[in-house]
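Student: The residues making up each chain are set out below.
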Amino acid sequence: MDEEPERAKRWEGGYERTWEVLKEDESGSLKATVEDILFQAKRKRVFEGHGQVRLGMMRHLFVIIDSSRSMEDQDLKPNRLTSTLKLMEFFVEEYFDQNPISQIGIITTKNKRAEKLTDLAGNPKKHLAALKKAVDSTCVGEPSLYNSLNVAMQTLKHMPAHTSKEILVIFSSLTTCDPANIYELIKTLNALKIRVSVIGLSAEVRVCTILTRETGGSYNVILDESHFKELLMLHVKPPPASSSSECSLIRMGFPQHVIASMSDQDAKPSFSMLHLDSTGEPGLTLGGYYCPQCRAKYTELPVECKVCGLTLVSAPHLARSFHHLFPLEAFQETPLEEYEGERYLLAWHVKKCSAWSVISSYMTHCTAVLAVCRLTGHPDVRWPDYKTSVYFSTRN
Amino acid sequence: MKLNIEGLLVYFPYDYIYPEQYSYMLELKRTLDAKGHGVLEMPSGTGKTISLLSLIVAYQKAYPLEVTKLVYCSRTVPEIEKVVEELRKLMDYYAKQTGAKNDFLALALSSRKNLCIHPEVSSLRFGKEVDGKCHSLTASYIRAQHHSNPSQPVCQFYEQFDAVGRQVPIPPGIYNLDDLKDFGRRKGWCPYFLARYAILHANIVVYSYHYLLDPKIADLVSKELTKKSVVVFDEAHNIDNVCIDSMSVNITRRTLDRCQTNVETLQNTISRIKETDAAKLREEYRRLVEGLKEANVARETDMYLSNPVLPDEILQEAVPGSIRTAEHFVGFIKRFLEYLKARLRIHHVVQESAPQFLKDIYEKVCIDRKPLRFCAERLRSLLRTLEIADIADFSAITLISHFATLVSTYSKGFTIIIEPFEDRTPTIANPVLHFSCMDPSIAIKPVFGRFQSVIITSGTLSPLDIYPRILDFHPVTTASFTMTLARTCLCPLIVGRGNDQVAMTSKFETREDFAVIRNYGNLLLEMSAIVPDGIVAFFTSYIYMENIVASWYEQGILENIQRNKLIFIETQDAAETSMALEKYQEACENGRGAILLSVARGKVSEGIDFVHHFGRAVIMFGVPYVYTQSRILKARLEYLRDQFQIRENDFLTFDAMRHAAQCVGRAIRGKTDYGLMIFADKRYARADKRGKLPRWIQEHLTDGSLNLTIDETVQLAKHFLRQMAQPFRQEDQLGLSLLTLEQLQSEDMLQKIAQIAQQA
Numbered sequence: 001m002d003e004e005p006e007r008a009k010r011w012e013g014g015y016e017r018t019w020e021v022l023k024e025d026e027s028g029s030l031k032a033t034v035e036d037i038l039f040q041a042k043r044k045r046v047f048e049g050h051g052q053v054r055l056g057m058m059r060h061l062f063v064i065i066d067s068s069r070s071m072e073d074q075d076l077k078p079n080r081l082t083s084t085l086k087l088m089e090f091f092v093e094e095y096f097d098q099n100p101i102s103q104i105g106i107i108t109t110k111n112k113r114a115e116k117l118t119d120l121a122g123n124p125k126k127h128l129a130a131l132k133k134a135v136d137s138t139c140v141g142e143p144s145l146y147n148s149l150n151v152a153m154q155t156l157k158h159m160p161a162h163t164s165k166e167i168l169v170i171f172s173s174l175t176t177c178d179p180a181n182i183y184e185l186i187k188t189l190n191a192l193k194i195r196v197s198v199i200g201l202s203a204e205v206r207v208c209t210i211l212t213r214e215t216g217g218s219y220n221v222i223l224d225e226s227h228f229k230e231l232l233m234l235h236v237k238p239p240p241a242s243s244s245s246e247c248s249l250i251r252m253g254f255p256q257h258v259i260a261s262m263s264d265q266d267a268k269p270s271f272s273m274l275h276l277d278s279t280g281e282p283g284l285t286l287g288g289y290y291c292p293q294c295r296a297k298y299t300e301l302p303v304e305c306k307v308c309g310l311t312l313v314s315a316p317h318l319a320r321s322f323h324h325l326f327p328l329e330a331f332q333e334t335p336l337e338e339y340e341g342e343r344y345l346l347a348w349h350v351k352k353c354s355a356w357s358v359i360s361s362y363m364t365h366c367t368a369v370l371a372v373c374r375l376t377g378h379p380d381v382r383w384p385d386y387k388t389s390v391y392f393s394t395r396n
Numbered sequence: 001m002k003l004n005i006e007g008l009l010v011y012f013p014y015d016y017i018y019p020e021q022y023s024y025m026l027e028l029k030r031t032l033d034a035k036g037h038g039v040l041e042m043p044s045g046t047g048k049t050i051s052l053l054s055l056i057v058a059y060q061k062a063y064p065l066e067v068t069k070l071v072y073c074s075r076t077v078p079e080i081e082k083v084v085e086e087l088r089k090l091m092d093y094y095a096k097q098t099g100a101k102n103d104f105l106a107l108a109l110s111s112r113k114n115l116c117i118h119p120e121v122s123s124l125r126f127g128k129e130v131d132g133k134c135h136s137l138t139a140s141y142i143r144a145q146h147h148s149n150p151s152q153p154v155c156q157f158y159e160q161f162d163a164v165g166r167q168v169p170i171p172p173g174i175y176n177l178d179d180l181k182d183f184g185r186r187k188g189w190c191p192y193f194l195a196r197y198a199i200l201h202a203n204i205v206v207y208s209y210h211y212l213l214d215p216k217i218a219d220l221v222s223k224e225l226t227k228k229s230v231v232v233f234d235e236a237h238n239i240d241n242v243c244i245d246s247m248s249v250n251i252t253r254r255t256l257d258r259c260q261t262n263v264e265t266l267q268n269t270i271s272r273i274k275e276t277d278a279a280k281l282r283e284e285y286r287r288l289v290e291g292l293k294e295a296n297v298a299r300e301t302d303m304y305l306s307n308p309v310l311p312d313e314i315l316q317e318a319v320p321g322s323i324r325t326a327e328h329f330v331g332f333i334k335r336f337l338e339y340l341k342a343r344l345r346i347h348h349v350v351q352e353s354a355p356q357f358l359k360d361i362y363e364k365v366c367i368d369r370k371p372l373r374f375c376a377e378r379l380r381s382l383l384r385t386l387e388i389a390d391i392a393d394f395s396a397i398t399l400i401s402h403f404a405t406l407v408s409t410y411s412k413g414f415t416i417i418i419e420p421f422e423d424r425t426p427t428i429a430n431p432v433l434h435f436s437c438m439d440p441s442i443a444i445k446p447v448f449g450r451f452q453s454v455i456i457t458s459g460t461l462s463p464l465d466i467y468p469r470i471l472d473f474h475p476v477t478t479a480s481f482t483m484t485l486a487r488t489c490l491c492p493l494i495v496g497r498g499n500d501q502v503a504m505t506s507k508f509e510t511r512e513d514f515a516v517i518r519n520y521g522n523l524l525l526e527m528s529a530i531v532p533d534g535i536v537a538f539f540t541s542y543i544y545m546e547n548i549v550a551s552w553y554e555q556g557i558l559e560n561i562q563r564n565k566l567i568f569i570e571t572q573d574a575a576e577t578s579m580a581l582e583k584y585q586e587a588c589e590n591g592r593g594a595i596l597l598s599v600a601r602g603k604v605s606e607g608i609d610f611v612h613h614f615g616r617a618v619i620m621f622g623v624p625y626v627y628t629q630s631r632i633l634k635a636r637l638e639y640l641r642d643q644f645q646i647r648e649n650d651f652l653t654f655d656a657m658r659h660a661a662q663c664v665g666r667a668i669r670g671k672t673d674y675g676l677m678i679f680a681d682k683r684y685a686r687a688d689k690r691g692k693l694p695r696w697i698q699e700h701l702t703d704g705s706l707n708l709t710i711d712e713t714v715q716l717a718k719h720f721l722r723q724m725a726q727p728f729r730q731e732d733q734l735g736l737s738l739l740t741l742e743q744l745q746s747e748d749m750l751q752k753i754a755q756i757a758q759q760a
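Taken in sequence, the protein lines are chains Z and R.
1 is the number of the first residue of the first sequence in the UniProt record's numbering; add one for each residue after it.
1 is the number of the first residue of the second sequence in the UniProt record's numbering; add one for each residue after it.
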């Protein structure tokens with residue numbers, strides 16, 4: 001905890017009273033700190049996992065970003081808006097990485113209005129560009145929870161029943177300016193099986209508590225920037241599907257990556273379908289992915305074919321989505337004294353497995369798996385769920 | 001779960017228990033064992049009521065001869081209902097665990113207004129009207145007239161009850177007000193009189209303070225309660241004021257005018273009766289000669305709760321001859337009335353003691369002390385004889401007669417203040433005679449004297465030693481309990497300065513200071529931006545609030561606040577206030593956020609709870625000292641100093657701090673709740689003020705949270721609110737602030753529990 005990488009500079013941090021933190025650790029006192037509770041919850045979350053639960057793998061997620069006056073607050077550096085957008089960029093990348101067959105859309109709300117920044121789409125590039133552009137926008141007025149949820153709902157309600165329909169609200173303000181009774185809207189959302197989750201940037205707001213409780217989402221409030229990131233990353237994992245959602249088969253294409261070398265005489269540079277609407281960059285490339293159905297060319301996957309509407313993915317994408325269904329087994333925490341075996345490996349084992357895997361993101365969780373793997377030779381440990389682990393696996 | 005409290009088997013209807021509840025029951029049991037009185041302070045929201053009920057019920061079951069009745073006094077009707085619901089839960093649990101049929105009778109009692117089922121009477125809006133109307137249908141002579149003249153309307157519910165209701169006891173069970181009404185409707189009995197009758201043999205009675213403390217009502221309702229009862233005063237932090245109010249009399253010119261008409265009515269009725277039914281008056285005369293012997297016999301045999309308005313000496317004597325006949329008595333009252341009128345015709349303030357007043361009245365109009373003392377009793381007898389139906393009309397003359405009796409009975413503990421005008425409006429003549437009780441122990445003395453155990457409990461009773469002193473009794477246990485918390489869910493902060501370092505205080509000299517008002521405004525503005533949903537702000541008085549809000553409006557602060565939250569203001573008008581409250585709650589509910597500006601000692605500060613999002617922060621602007629220039633207060637302070645050796649300042653601070661604690665305590669109503677408590681006055685940081693806060697607040701008041709600036713407050717509050725917004729489940733509390741039976745029985749938990757209670 002003491003060496004968190006993205007901690008702000010000391011002088012930028014909030015008014016802290018470090019001497020009190022020390023006091024709370026006193027043993028024998030009845031007081032348990034909030035950190036302690038959080039730690040326990042996190043531990044539980046990491047270790048429990050979903051087990052054998054159906055997950056909504058095809059997700060349609062709208063992220064609503066509050067851009068009201070309160071986003072100018074500087075308790076996140078340099079201010080809430082910039083910080084949020086930066087994290088959102090990271091989130092979008094991560095999201096498509098983990099959920100290649102899902103889509104995302106972004107809505108902002110300010111001045112009592114809601115505005116769609118990007119529509120639901122499966123390509124991260126457009127979202128990232130939009131997010132980058134949004135940094136310069138000014139934060140004014142009050143947000144409207146009602147209006148923004150309504151905008152998201154208008155699109156989501158037409159989505160097929162087998163997809164997981166989600167809204168994630170990043171809510172900085174403590175008030176909302178609504179044109180109508182929001183509880184009616186919550187009922188509608190509930191009926192449409194749209195799950196709304198909220199990440200609050202300042203404090204717990206009653207209406208958000210109700211909103212998330214009624215629609216089955218989660219509600220969290222950030223403590224600081226690193227906690228914010230953590231909470232955001234929780235939404236990368238697909239949520240359990242509601243029992244009533246339908247099942248259906250989906251057609252997908254697995255295009256081969258055709259690599260044309262410069263020396264190849266036959267190769268002609270061609271435009272990718274994606275570049276049809278984006279004007280900025282030069283679109284001519286040699287190789288690419290060709291849709292197995294209509295032979296349209298794309299430079300990146302996953303994407304929905306513009307011509308025939310086929311979802312194009314690569315096998316690793318699907319595999320990555322697949323791993324959510326088989327989460328890792330929980331680790332056993334072994335105190336140092338009880339462990340018999342090689343000492344130097346053990347220290348690492350204990351550190352990585354127990355404390356570390358909980359505190360930092362699950363990337364360390366993965367390396368820990370390998371450690372155990374090496375130690376015990378436990379054969380049925382599954383491959384960790386992070387892309388970097390692939391490199392580990394090949395190395396070992 | 002079943003608990004073993006020092007050998008007593010207690011059924012507790014929940015699976016989990018708070019450690020402080022266990023500790024509370026321990027102390028309570030010791031009090032009952034010692035057959036003494038107790039003062040127990042435990043924060044609200046920690047299950048005081050159920051702890052009290054489960055222990056006392058268990059005690060009653062285990063020792064049916066030691067404790068026969070529980071009298072639970074609460075303040076308001078909703079609170080009474082809540083107690084009954086808890087009791088119902090407890091009894092259901094008993095039935096489930098033991099399998100035996102419940103043989104307990106528990107009931108709630110309230111006024112006729114809340115219990116009447118007569119179709120006409122119950123539709124009336126005001127309590128007084130209902131009482132009057134009911135009386136005009138159920139009085140004995142009305143019913144007698146009904147016999148001879150069937151067209152005379154009577155209440156058939158009362159008739160039914162009177163015919164059979166007393167022989168057939170109400171079946172055991174738990175009855176709240178609605179249950180009583182249902183039962184009454186089913187049987188066709190009057191629920192009010194049924195309840196009043198049933199409390200005599202009920203095991204548990206839940207009713208309002210006034211049924212025990214107000215001598216006028218207590219005499220009617222609670223006179224025959226058995227001595228082996230346990231009396232509990234819940235939310236008793238204001239009990240001294242209730243006692244004082246019940247014994248004080250205020251007489252204005254209007255009272256006297258109405259009294260005048262009362263006298264005329266009496267006179268007319270007497271002369272009429274004299275012509276028609278002189279025997280009746282003679283009969284009354286004979287009765288009065290015999291004196292109030294019956295009452296005396298009853299009191300000697302310890303049957304009745306004594307009435308402080310009816311002092312002992314009176315009972316042994318016959319009514320003096322000078323007021324024995326009806327005409328003479330009316331003449332007497334008339335003279336008394338004229339004297340009072342003359343006294344009210346003054347231009348300067350007069351303060352005198354009761355003996356001075358008596359001497360003066362003897363010199364001026366030759367009224368002796370002795371007949372005055374019988375005034376109340378004599379009037380009651382007369383009203384009974386004259387068969388006047390509508391008692392409500394005679395409230396003025398009844399008031400005067402009470403005054404006469406009290407002033408001639410008590411030479412100590414009362415003062416008479418006659419003010420020709422109010423201090424705030426010195427030009428408008430509005431003479432008032434305050435006959436003010438200064439000693440709360442007078443009213444409560446019979447209660448302590450009569451009942452075996454009296455428990456005084458509340459969330460805010462600190463400092464504990466002062467209550468036994470001002471109520472003049474000797475408790476066997478005084479204890480204060482803290483709240484065990486899995487997370488520190490209350491955050492008391494003392495803001496002493498603005499960002500410009502100007503001290504913030506509501507001190508009289510600086511309260512008009514521009515900088516202070518601005519800083520208060522800034523504090524509210526900053527808080528409105530960071531606290532979600534509801535904020536409740538308390539001011540020291542209505543006038544102060546008006547001044548400040550007006551000044552904020554001029555400075556544009558109000559406008560800025562309104563960008564963050566809506567603003568609602570409590571006024572002296574009850575209807576307006578309840579409207580504001582309703583809208584306030586709506587705004588908190590739907591995410592708009594709101595601020596309620598209200599006044600310490602007002603309706604909001606006493607009776608309304610702001611759970612969860614309805615009160616995420618309470619801001620106390622200034623120290624809520626009582627208006628110190630009031631003559632009544634000055635007299636009381638003097639009396640306290642002379643009689644109880646309590647210094648003026650100590651009492652004033654105590655009084656201010658208990659109100660401040662009441663106000664800020666509105667926000668925390670349980671362990672899952674959380675809230676900021678902001679004391680915006682630098683004087684709170686002083687040890688003499690801080691030390692008088694309840695222990696459960698003091699505990700969280702560290703040196704780091706004293707004398708903060710607005711900036712620091714905002715930082716701390718932000719941090720606190722974020723921490724509290726983290727998910728919090730029941731499991732997190734388990735083992736720390738919430739225990740299962742096994743956890744409770746573990747050795748070190750018992751040790752920890754022993755530390756919770758702090759004996760004062």
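Certain hints may be false.
Below are the SDA-like pairs computed for lysine to any residue, each with C-alpha atoms no more than 25 Å apart in a straight line [what the hints assert, rightly or not]:
| id | chain 1 | residue 1 | chain 2 | residue 2 |
| --- | --- | --- | --- | --- |
| 1 | R | K445 | R | F654 |
| 2 | R | K445 | R | V476 |
| 3 | Z | K229 | R | P727 |
| 4 | R | K583 | Z | L223 |
| 5 | R | K507 | R | E638 |
| 6 | Z | K193 | R | E66 |
| 7 | Z | K157 | Z | M252 |
| 8 | R | K583 | Z | K157 |
| 9 | R | K89 | R | L744 |
| 10 | Z | K112 | R | N238 |
| 11 | R | K341 | R | R380 |
| 12 | Z | K77 | R | D711 |
| 13 | Z | K112 | R | D711 |
| 14 | R | K228 | R | T49 |
| 15 | R | K228 | R | R380 |
| 16 | R | K718 | Z | T138 |
| 17 | R | K718 | Z | T82 |
| 18 | R | K181 | R | N102 |
| 19 | R | K583 | Z | M252 |
| 20 | R | K227 | R | S111 |
| 21 | R | K216 | R | E66 |
| 22 | R | K603 | R | P463 |
| 23 | Z | K112 | R | K583 |
To be clear, the hints were calculated from the coordinates, so they are not data collected in a lab.
Quantities reported herein were computed from a predicted structural model and do not represent experimental measurements.
Student: Please flag the earlier hints that this structure goes against, numbers listed from lowest up.
Tutor: 4, 6, 8, 10, 13, 15, 19, 21
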